[in-house]
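Protein chains in written order, with my numbering: chain A, 1 to 226; chain B, 1 to 503.
Just so you know, these hints were derived from the structure itself, not from any lab. Cβ atoms here follow ideal geometry from the backbone N, Cα and C, with glycine treated the same way. Be a bit skeptical, because a hint or two may be false.
To be verified - Which chain A residues face chain B? A few, computed with CB under 8 angstroms, are given here:
1) D30
2) W33
3) L54
4) T70
5) R71
6) T78
7) F89
8) N93
9) I95
10) L98
11) E102
12) E105
13) V109
14) G112
15) S114
This is what each chain is made of:
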Amino acid sequence: MYKLTDVKKDYAKGRGTVHALQGVDLEIADGEWMAIQGPTGHGKSTLLQILGGLDRATSGSVLLDETDLTRLGEGSMTKVRATTIGFIFQTFNLIPTLSAQENVETALVPLGVSAQSRKARSAEALASVGLSDRARHLPTELSGGQQQRVAIARALVKEPKVLLADEPTGNLDEDTRDEIIALLEKLWQDKGLSMVMVTHDTAVARRAQRLGTMRNGKLTVKQKVV
Amino acid sequence: MFFTYLWRELRRRARQAIFIAIGLALGIGLVITVTAAASGVKNAQASVLHSLYGVGTDITVTKAPTAGSGGPQSFGFGLNTGTASRPAAGTKIDTESLRGTGLGTISSTSVTTVASTKDVAAAAGGLELTDTKITGTIPAINSSGGSGGGFGGGEGGGSSGSGGQSFRSSFTPTTFTVDGVDITNGELGPLSTSKLSSGATFTSADTTAHVALVDSDYATSNKIKVGNKVTIDKTSFTVIGIVTAPSGDTPPDYYIPLTVAQTLASMKNDVNEIYVTATNGQDITTVASAITKAVPGTTVTDQDSLASQVTGSISSAASLANNLGKWLAIAVLIAAFLLASLLTMSAVSRRIREFGTLKALGWKSRRVVFQVMGESIAIGIVGGVIGVGLGFLGAAAVGKFAPPLTASLTSGTTGTATPGGARSFGGGGGFGGGGGGGGFTGGFNQAASNAASTVTEHLTAPVTIAAVLAAVVLAVLGGLIAGSFGGWRAARLRPAAALSKVA
Chain A
1 MYKLTDVKKD YAKGRGTVHA LQGVDLEIAD GEWMAIQGPT GHGKSTLLQI LGGLDRATSG
61 SVLLDETDLT RLGEGSMTKV RATTIGFIFQ TFNLIPTLSA QENVETALVP LGVSAQSRKA
121 RSAEALASVG LSDRARHLPT ELSGGQQQRV AIARALVKEP KVLLADEPTG NLDEDTRDEI
181 IALLEKLWQD KGLSMVMVTH DTAVARRAQR LGTMRNGKLT VKQKVV
Chain B
1 MFFTYLWREL RRRARQAIFI AIGLALGIGL VITVTAAASG VKNAQASVLH SLYGVGTDIT
61 VTKAPTAGSG GPQSFGFGLN TGTASRPAAG TKIDTESLRG TGLGTISSTS VTTVASTKDV
121 AAAAGGLELT DTKITGTIPA INSSGGSGGG FGGGEGGGSS GSGGQSFRSS FTPTTFTVDG
181 VDITNGELGP LSTSKLSSGA TFTSADTTAH VALVDSDYAT SNKIKVGNKV TIDKTSFTVI
241 GIVTAPSGDT PPDYYIPLTV AQTLASMKND VNEIYVTATN GQDITTVASA ITKAVPGTTV
301 TDQDSLASQV TGSISSAASL ANNLGKWLAI AVLIAAFLLA SLLTMSAVSR RIREFGTLKA
361 LGWKSRRVVF QVMGESIAIG IVGGVIGVGL GFLGAAAVGK FAPPLTASLT SGTTGTATPG
421 GARSFGGGGG FGGGGGGGGF TGGFNQAASN AASTVTEHLT APVTIAAVLA AVVLAVLGGL
481 IAGSFGGWRA ARLRPAAALS KVA
C-alpha cells in the first residue's frame, strides 16, 4: 500500500528551519493497522499529512500503490484524497452548518455522485456507525462521540483504501474512546482497510498490528502487535 | 449541496451578511437615486431645450443683425399735411409695419446650401417678424428750437431730439409677432413644439394662402377663434387653427406661410432662421461645423451650445447630479465593496479549518472558491434588491421634495441671435427732431425682448430599466469582488496548514 523512502520534511519557522521528518522509511501493507505514537511536536501529524497528501515531502518518495505522491500535481493529489484516503481528525472537523447526513455527503461531492445516491449512501454510512436517528441533527446537537461517529461515516462513505486518523479519541472520555476504537476496529476488519492512527493513548495503540514511534522526526517501529 | 451549504452558511452569519448587504444596498440605492435624478435633470433640460429650441431640430442657423438692417423702417406717416418734414398737428396716424426681428437676414439659397450639407437630413427656413401698428394724432408742438423734425429710422438708430417736446403719449403702439413657416418642412421650425388645439394646421395648398394659425394664449386674450379674420400688415388672414406651445415657450402670436410672410415683409428670398435636422444625432457637432463652413457669417447653434447658455437652478441641479452626486455614489459604492471584501476575507479566515477539511475530503480549490463567491454573490444580490428598493424610494423622494427647477436662457444682448429665445425689436423707429424739433424715442420692445427666457420644470427622477439592470450588475460585481478576495484567500490555503493552524 504505502512505501516511504528517506522522506524528509522541513518547515521554515521564523529565521530557522524545523526538520519535522528526518529520513523516514516505512512500508505499510494492504489491510494493515498501524499506530504511531510519540511526543508532541516530533512529527507524527506531519507524517500523517504526508501519507494523506495533505502536505508534500521536502525530499524522498511516498509511494501509494505505485503512485509517488511527491510527484503528483495539485489536481491529481486532490483526486487521490477524494477517492482513496479517508481522514478522521481529533476535533472532528464537521461543517457546523450542515446536518450529520449532509456532513457525510460532503465526502461524496468531489466524486460527482448524484444527490439521490449521496443521500442513500450517507444514510447507509450513518447507519453503519449507529447514527441513523441523528441524520438531521447539526453537529452542535450531537455529543463528542456522536460527532466522531459522523466523522468516521464521512471518512468511510466513499469506501477509501486507507483511513488516516489523527488522535481520533483525543477529545473523548474513556468510555466513548473505547466505543469509537471498537467501531474503527470493526470497520477496519469489515472493509479490509489500511489504517494509520496517530495516538497518544497507549491503550489504543496496543490494539494496532504495528506500533511506530516518532521522535525528533525519525520513525522507529518498535514492536509488532500480534 | 452548493445551495444548501450556501444558505446554511448565510443563515449562520446572518448578522454579518445583512450588514454587508445593507452596505451594498446603500451604495446601489445611492447610485440609482443619483442616476434617476441625473436622468430627471437631463429630461428637464431636454424639455427646456425643446421649449426653447424645437422638437426635432438639432441645429439652428441665424445671423447677427448688421447696422441698418432689419427691413424697411419707415412707419409711413402720411405726410400730406403740414410741412414736408413734419406732419401737421391734428394729422391722424394709422400705420402698420411687418419687419424682421433682431435677427439678420439670410438668403433662401442658404437653406438649400445647408440642406445639401453632409449629414443634414432636412433644413427649413423661417422668418421671425414683428408687426408694429401705430395709431394716433399728431399733437400741436410748440417748437422753440431748431427747425424741422425728421422721421428717422434704422435699427438701433433712433435717438430723441434734444429740447423737443415728447408726444409719445399721443400714439398708441401695438405689436404682435408673426412667424413665417416653411409649410413643406412642417415638422421643422417654429411649429414643431406646438400642438394643434382646434381647427386645422397648414397644408401644402396653403403655401401662398392668407391663412394663419394663432397661439392659444394670444387667441384667448384677443378673443380670436377659428374662422375669424385677422389683419396682419393691413392684410386680411383667415384663422384656420389655434395652436398651444409648451409651458415656458415664447411662441409667436401668429404663424403664416413663409412665402406670404416674405412678401408682406418685403423680404422675398430671405429668411432669418434655418432649422436643421441631422441624419445622426451623434454627429451634431460635426454637422454644425460643416454648416458654419458652408454658410459663413452665420451663427450655428446646436443643443449643446444652447444648453451651455442655460442658467438657473436646472444648471445647478445638473452640476450637483453630475459631480457631487456621481462621486458620492462612487465613494459609497467603493466603501461598500471594500467593506464587503474585508468582511468576506475575515469570514474566510474564521473558516480556515472548515475549508481545510473540505480540501482534505477532496474538494478542489475551485469548488471551495465557488462556494465562497456564491455566498458573496448571494449577499450582493440581496443588497442589490434592497438597493433597488432604496433607489426607488430615493427617486420618489427626489420627485416629491425637490423644488421646481428654473432655466433661463439669456440672449439678444451680444448680437448673437438665439433661436426661439427672446425676440427683440430693438432700436425701432427713431423720430429724431432736429434742433428742438419734436422727437420721441422709438423702440417698441416686446416684453421678452433682450431679456431672459425662463422656464420652470418640475424635477422627476425616473428609474429606468437600464438603471435597475446596472444596479443588479453592480450588486453581482460587489459580490464578485468580495468573493474574489475571500476565494483567493481560501484557494491559497494548503490543507495541512489550514488544519494545523487550528488543531
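Verification of the hints:
no.: 1; hint: D30; verdict: violated (21 angstroms)
no.: 2; hint: W33; verdict: violated (21 angstroms)
no.: 3; hint: L54; verdict: holds (4 angstroms)
no.: 4; hint: T70; verdict: violated (14 angstroms)
no.: 5; hint: R71; verdict: violated (17 angstroms)
no.: 6; hint: T78; verdict: holds (5 angstroms)
no.: 7; hint: F89; verdict: holds (7 angstroms)
no.: 8; hint: N93; verdict: holds (4 angstroms)
no.: 9; hint: I95; verdict: holds (6 angstroms)
no.: 10; hint: L98; verdict: holds (6 angstroms)
no.: 11; hint: E102; verdict: holds (6 angstroms)
no.: 12; hint: E105; verdict: holds (6 angstroms)
no.: 13; hint: V109; verdict: holds (5 angstroms)
no.: 14; hint: G112; verdict: violated (11 angstroms)
no.: 15; hint: S114; verdict: violated (11 angstroms)
Checked against the numbered hints given earlier, the structure breaks hints 1, 2, 4, 5, 14, 15 and satisfies all the rest.
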